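Chains S and D, in that order, are what the protein sequence lines are.
Residue 246 in our numbering sits at position 181 of the first sequence; the count goes up by one each step and never skips.
Residue 834 in our numbering sits at position 257 of the second sequence; the count goes up by one each step and never skips.
Source of the hints: derived by calculation from the structure; they are not laboratory data.
Source: prediction; values computed, not measured.
Cβ atoms here follow ideal geometry from the backbone N, Cα and C, with glycine treated the same way.
Errors might be hidden in some of the hints.
[What the hints assert, rightly or not] Here are the simulated BS3-like pairs of lysine-lysine, each with C-alpha atoms no more than 27 Å apart in a straight line:
| # | chain 1 | residue 1 | chain 2 | residue 2 |
| --- | --- | --- | --- | --- |
| 1 | S | LYS324 | D | LYS609 |
| 2 | D | LYS613 | S | LYS324 |
| 3 | S | LYS176 | S | LYS134 |
| 4 | D | LYS712 | S | LYS324 |
| 5 | S | LYS324 | D | LYS809 |
[Claimed, not checked] A few chain D residues that don't get close to chain S, going by computed Cβ distances all over 12 Å:
| # | residue |
| --- | --- |
| 6 | GLU612 |
| 7 | PRO617 |
| 8 | HIS625 |
| 9 | ASP640 |
| 10 | GLU641 |
| 11 | GLU758 |
| 12 | CYS761 |
| 13 | ASP762 |
| 14 | LYS809 |
| 15 | ARG816 |
| 16 | SER882 |
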Amino acid sequence: MACNSIVMVKQVPDTSNISGEVMRPDGTVNRAKLPAVFNPDDKVALELALELRDRFGGKVTAITMGPAKAGELLRECLYMGADEVYLITDRNFGGADTLATSYTLSKAIEKLGSYDLIFAGRQAIDGDTAQVGPQTAEKLHIPQITYAEKIIDLKAGKILVKRRIDGGYEILESSLPLLITVLKEAATPRPFKARRLMSLKKARTRLELEKEASSPEELEKLIADYASKGLYIPTWSREDLGIELERCGIEGSPTKVHKVESVVLSSEGHEQIPPTAEGIGNLLDSLIGEHFFG
Amino acid sequence: MDNGSREVWVFIEHHSGRPADVSLELLTKGRKLAEKLRGPLKGILIGHEVDAVAKEAFRFGADELLVVEHPDLRDYRTLPYSRILCELVEERQPRVILYGATFIGRDLAPRIASNSASGLTADCTDLQIGDVTWKKQQYQDLLLQIRPAFGGNIVATIITPDAKVQMATVREGVMEMVPLEAPCDGKITKILYEPKAADQLVRIVERHREEKRSNLKGASIVVAGGYGVGSKKTFDMLRELAAVIGAEIAGSRAAVDAGFISREQQVGQTGLTVRPKLYIACGISGAIQHVAGMQDANRIIAINSDPDAPIFDVCHYGIVGDVASVISIFTETYKKKLK
Numbered sequence: 066m067a068c069n070s071i072v073m074v075k076q077v078p079d080t081s082n083i084s085g086e087v088m089r090p091d092g093t094v095n096r097a098k099l100p101a102v103f104n105p106d107d108k109v110a111l112e113l114a115l116e117l118r119d120r121f122g123g124k125v126t127a128i129t130m131g132p133a134k135a136g137e138l139l140r141e142c143l144y145m146g147a148d149e150v151y152l153i154t155d156r157n158f159g160g161a162d163t164l165a166t167s168y169t170l171s172k173a174i175e176k177l178g179s180y181d182l183i184f185a186g187r188q189a190i191d192g193d194t195a196q197v198g199p200q201t202a203e204k205l206h207i208p209q210i211t212y213a214e215k216i217i218d219l220k221a222g223k224i225l226v227k228r229r230i231d232g233g234y235e236i237l238e239s240s241l242p243l244l245i246t247v248l249k250e251a252a253t254p255r256p257f258k259a260r261r262l263m264s265l266k267k268a269r270t271r272l273e274l275e276k277e278a279s280s281p282e283e284l285e286k287l288i289a290d291y292a293s294k295g296l297y298i299p300t301w302s303r304e305d306l307g308i309e310l311e312r313c314g315i316e317g318s319p320t321k322v323h324k325v326e327s328v329v330l331s332s333e334g335h336e337q338i339p340p341t342a343e344g345i346g347n348l349l350d351s352l353i354g355e356h357f358f359g
Numbered sequence: 578m579d580n581g582s583r584e585v586w587v588f589i590e591h592h593s594g595r596p597a598d599v600s601l602e603l604l605t606k607g608r609k610l611a612e613k614l615r616g617p618l619k620g621i622l623i624g625h626e627v628d629a630v631a632k633e634a635f636r637f638g639a640d641e642l643l644v645v646e647h648p649d650l651r652d653y654r655t656l657p658y659s660r661i662l663c664e665l666v667e668e669r670q671p672r673v674i675l676y677g678a679t680f681i682g683r684d685l686a687p688r689i690a691s692n693s694a695s696g697l698t699a700d701c702t703d704l705q706i707g708d709v710t711w712k713k714q715q716y717q718d719l720l721l722q723i724r725p726a727f728g729g730n731i732v733a734t735i736i737t738p739d740a741k742v743q744m745a746t747v748r749e750g751v752m753e754m755v756p757l758e759a760p761c762d763g764k765i766t767k768i769l770y771e772p773k774a775a776d777q778l779v780r781i782v783e784r785h786r787e788e789k790r791s792n793l794k795g796a797s798i799v800v801a802g803g804y805g806v807g808s809k810k811t812f813d814m815l816r817e818l819a820a821v822i823g824a825e826i827a828g829s830r831a832a833v834d835a836g837f838i839s840r841e842q843q844v845g846q847t848g849l850t851v852r853p854k855l856y857i858a859c860g861i862s863g864a865i866q867h868v869a870g871m872q873d874a875n876r877i878i879a880i881n882s883d884p885d886a887p888i889f890d891v892c893h894y895g896i897v898g899d900v901a902s903v904i905s906i907f908t909e910t911y912k913k914k915l916k
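Chain S extracted, bound-state conformation (with noise of 0.2 Å):
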């Protein structure tokens, strides 16, 4: 049987580098601070919808939220091996929580019609809160199998898929249409395909072309142009979705961030204790001594 899989992917801040002056007075981050990079649990999503595809056949489409920035994601999504890749992009996106989040993609995914499975990373690094994908499953009303490590089986309708609970694991069967979350573990995403990567890196969204065009007229011309060779990346705005404003970005997020405070961490000054073996012989004596040990 084809399988039809949606991903969705999110570019991140890499949050290996992260300095004090990327934090905004409200505890927002400055995110144009940082050098974006592809979400790694949302990379090995990607990779499994492909290996899916690849023994079954069907389609695979990426999708991301996110600001221009993120054209440079979904191409990498093109080298890696997806079908069609999409950015749903408006400023009235800006700071969504997962739950403006969840319903902006939910409409984007219903949008793009029937599908079989809906892929996602486990978390994304940037706030770590594994929320978005349940909460897409549920406006779709679909089921969803989160913490998966392992597909092992598709076929008549149904997958068998191995996730991870607290203290072991379970094997669960499904009907489609289904979400999956998964884990770093299930799978190492293939590296970029050299020809894939020649053919496709002038791929570009709407609001690339947008700075090349001087005109609506030349902008609509490029897209076409883009379009005819296989190069436009599909560019959808709120509008686009029918999106009401008061339920994305920020108007249409519950969680506020009330206040942040900088943690003075209890520098009450510590004992400097000198690297040898005679200053960490007396500590240890003196440790030894409050019956620390044994």
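Based on these hints, arrange chain D on the given structure of chain S.
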């Protein structure tokens, strides 16, 4: 958007007829929140043959349990559980719902939040009730959801002022677990479960589960390594030290990501919270996410090559130097003292 309710709910997770520790911890916390809200603390208990679990929930302070019992509900499955809870929330409108940040809680809570358009804050390290002025409006008795924020040593207070129901998840071990001094049996309200076709879309074929064997949570000495340990080889030196001094081994998230140690042994906001007598932090920079999981240790020794690492601000003893050589001296010196 105050819904007028003063009810605090705790989703009670259970395995093999026992409530999960995290649920008892949340009941302990929930008692304080409910008291502040001047409302009842209610436990949501879904399962089959859960009498013993109910008893424990009362012992930890639940005033009332909403019990949904059915053979089909013996093991957690997303769809029946989330549907049942969504319906209960819709019908009864609690003010606060707390979930353990477990595999189950993190699978379930987002569906309820999505369905009821509530806010949901993951991995809170503290919860309080307080009055807030937000955008020039006064809000009374909001749930203050406190958690370290992304990047830097920063703690954020999250609120959901316009949501009817306020929800949070909390990791196991973060809150204290204290039974009532004089426990009394609360009220059990049985809720009828009506199976629906959609509940059967996902079937459990096989399940394998062992009670956690990790001794880390209750360990009296913990040796923890961070990314600064540098290599698996040096991390093995920490394991040796731990074996010699009778400690449990742990790691920071960066050490887990680097493959030095398993995720089950991660200490910090997204891992375990530990309260040992002695915590030896090796090559750990001291981000707030890590400190949140170990700051209650009685005594902290920090070993780091960077004299400006924030870990030195929380430690009692600081050793500036190369982790491998300091650990080697530490282990050898301790062995000599034993003789």
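Hints, verified against the model:
no.: 1; hint: LYS324(S) <-> LYS609(D); result: 22 Å, holds
no.: 2; hint: LYS613(D) <-> LYS324(S); result: 21 Å, holds
no.: 3; hint: LYS176(S) <-> LYS134(S); result: 23 Å, holds
no.: 4; hint: LYS712(D) <-> LYS324(S); result: 12 Å, holds
no.: 5; hint: LYS324(S) <-> LYS809(D); result: 40 Å, violated
no.: 6; hint: GLU612; result: 22 Å, holds
no.: 7; hint: PRO617; result: 24 Å, holds
no.: 8; hint: HIS625; result: 17 Å, holds
no.: 9; hint: ASP640; result: 27 Å, holds
no.: 10; hint: GLU641; result: 27 Å, holds
no.: 11; hint: GLU758; result: 30 Å, holds
no.: 12; hint: CYS761; result: 31 Å, holds
no.: 13; hint: ASP762; result: 29 Å, holds
no.: 14; hint: LYS809; result: 18 Å, holds
no.: 15; hint: ARG816; result: 17 Å, holds
no.: 16; hint: SER882; result: 9 Å, violated
When the structure is compared with the earlier hints, violations turn up for hints 5, 16 and for no others.
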